[in-house]
Amino acid sequence: MAEECPKCEAGLPAWLATFADLMSLLMCFFVLLLSFATIDAVRFKKMAESMKDAFGVQREIPANEIVKGVSVIKQEFSTGKPEPTVIDEIRQITTDEEQENLEVNESKEQAEKDVEVDQQMREAVLEQIEAEVKEQAEELKMMLDKEIDEGMLEVETEATKIIIRIQEKGSFGSGRATLNPGFFDVISKITKVIAATPGKVVVAGHTDDIPISTKRFRSNWELSSARAVTVVHAMLSNHGLDPSRVSVEGHADSSPLVPNDSWANRAKNRRVELIIERGSDSDLGVQTIDAIR
1 MAEECPKCEA
11 GLPAWLATFA
21 DLMSLLMCFF
31 VLLLSFATID
41 AVRFKKMAES
51 MKDAFGVQRE
61 IPANEIVKGV
71 SVIKQEFSTG
81 KPEPTVIDEI
91 RQITTDEEQE
101 NLEVNESKEQ
111 AEKDVEVDQQ
121 MREAVLEQIE
131 AEVKEQAEEL
141 KMMLDKEIDE
151 GMLEVETEAT
161 KIIIRIQEKG
171 SFGSGRATLN
181 PGFFDVISKI
191 TKVIAATPGK
201 VVVAGHTDDI
211 PISTKRFRSN
221 WELSSARAVT
231 VVHAMLSNHG
241 LDPSRVSVEG
251 HADSSPLVPN
261 DSWANRAKNR
271 RVELIIERGS
281 DSDLGVQTID
291 AIR
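Going by the UniProt record's numbering, the first residue of the sequence shown is number 1, and it counts up by one from there.
Treat the hints loosely; a few may be bogus.
[Stated by the list, open to error] Here are the in silico distance ranges between beta carbons for each label pair: (1) E150 with S254: 22 to 30 Å; (2) M142 with K215: 40 to 48 Å; (3) P6 with A37: 46 to 54 Å; (4) N265 with E150: 17 to 25 Å; (5) K108 with E139: 44 to 52 Å; (6) T178 with A131: 33 to 41 Å; (7) M121 with K189: 32 to 40 Å; (8) F184 with S262: 26 to 34 Å; (9) T178 with N265: 19 to 27 Å; (10) D261 with Q128: 36 to 44 Å; (11) N105 with P259: 55 to 63 Å; (12) Q128 with A264: 34 to 42 Å; (13) F184 with K113: 50 to 58 Å.
Source of the hints: derived by calculation from the structure; they are not laboratory data.
Since the structure is predicted, the reported quantities are computational estimates derived from the model, not experimental observations.
Glycine is no exception: its CB is placed at the ideal position from the N, C-alpha and C atoms.
All chains, please: the whole structure from these sequences, using the hints.
Dropping the structure here:
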């Protein structure tokens, strides 16, 4: 009696699993190589033309332009209509946001630089104006040295302002708003310099704290305002001063130079001030533009 065949074990042999793994790895390897490969379309076309007669199956397909190199994977497996992937959309959105943030940051930095440059230019212009103000004040002092020595006038500077202070002595009578006849020549000298100096001109009247009540002036407010108006009329008479530059203020006893505690101090507080303001925004703007040019 023949020997019986030994019973086979259930399942596939063990070597077959190893072989299957090896084949899978090789297939993945070649697919990976193929995905990175790019066909030389011109060379491929020449080779195909040389073989078409032998096989007799090659068809001529008209082309409007020279065929470019293409990826086999992209050619064979891409969809007919390109669809944006989620990754592409996220990347695009992120890129747009980063670009917007970059533009905002650049705009902010540029604005800060512009503000800094503008501030530096304004400071430079202010320094220039202050120097001019001091020079013009010295010219006024030289022209009015006699009146200054007699205590009728004071000339001083405050930053970008020239202050010409007309004391009551020699200019107005007590409790009156009419200029003394001899003071018109002084006003004429002052006005010629002011007319040639840019800036707004404020004419401000001031009194001491002693109340006044007459038929013409009910209070120091009316007296201080009337004196300022009188000086303005004298300045605008025929000295070439532009009226649009001039404004009038009456302060009564609200802005004393010194305490009203003595006769001398009260006399000092009774005054009319001519203030030439050179530091206005319009002056700074014009001179800043000139500096840029």
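Consistency of the hints with the structure:
1. In this structure, E150 and S254 meet the distance hint of 22 to 30 Å, their C-beta atoms being roughly 28 Å apart.
2. Hint check: M142 to K215, Cβ distance near 42 Å, so the stated range 40 to 48 Å holds.
3. Hint check: P6 to A37, Cβ distance near 50 Å, so the stated range 46 to 54 Å holds.
4. Checked against the hint of 17 to 25 Å, the pair N265 and E150 passes, with Cβ atoms roughly 19 Å apart.
5. Checked against the hint of 44 to 52 Å, the pair K108 and E139 passes, with Cβ atoms roughly 47 Å apart.
6. Range check, T178 to A131: Cβ separation about 38 Å, and the 33 to 41 Å hint holds.
7. Checked against the hint of 32 to 40 Å, the C-beta distance between M121 and K189 comes to roughly 35 Å, which is consistent with it.
8. Separation of F184 from S262 is about 31 Å and conforms to the stated range, judged on CB atoms against 26 to 34 Å.
9. Roughly 25 Å separates the CB atoms of T178 and N265, a value that falls within the hinted 19 to 27 Å.
10. Here the CB-CB span from D261 to Q128 is close to 41 Å, well matched to the stated 36 to 44 Å.
11. At about 57 Å, the CB distance of N105 to P259 agrees with the hint of 55 to 63 Å.
12. As the Cβ distance of Q128 to A264 is approximately 38 Å, the hint placing it in 34 to 42 Å holds.
13. For F184 and K113, the hinted distance range of 50 to 58 Å is satisfied, since their beta carbons lie about 54 Å from each other.
This entry satisfies every hint, going by the numbered hints stated previously.
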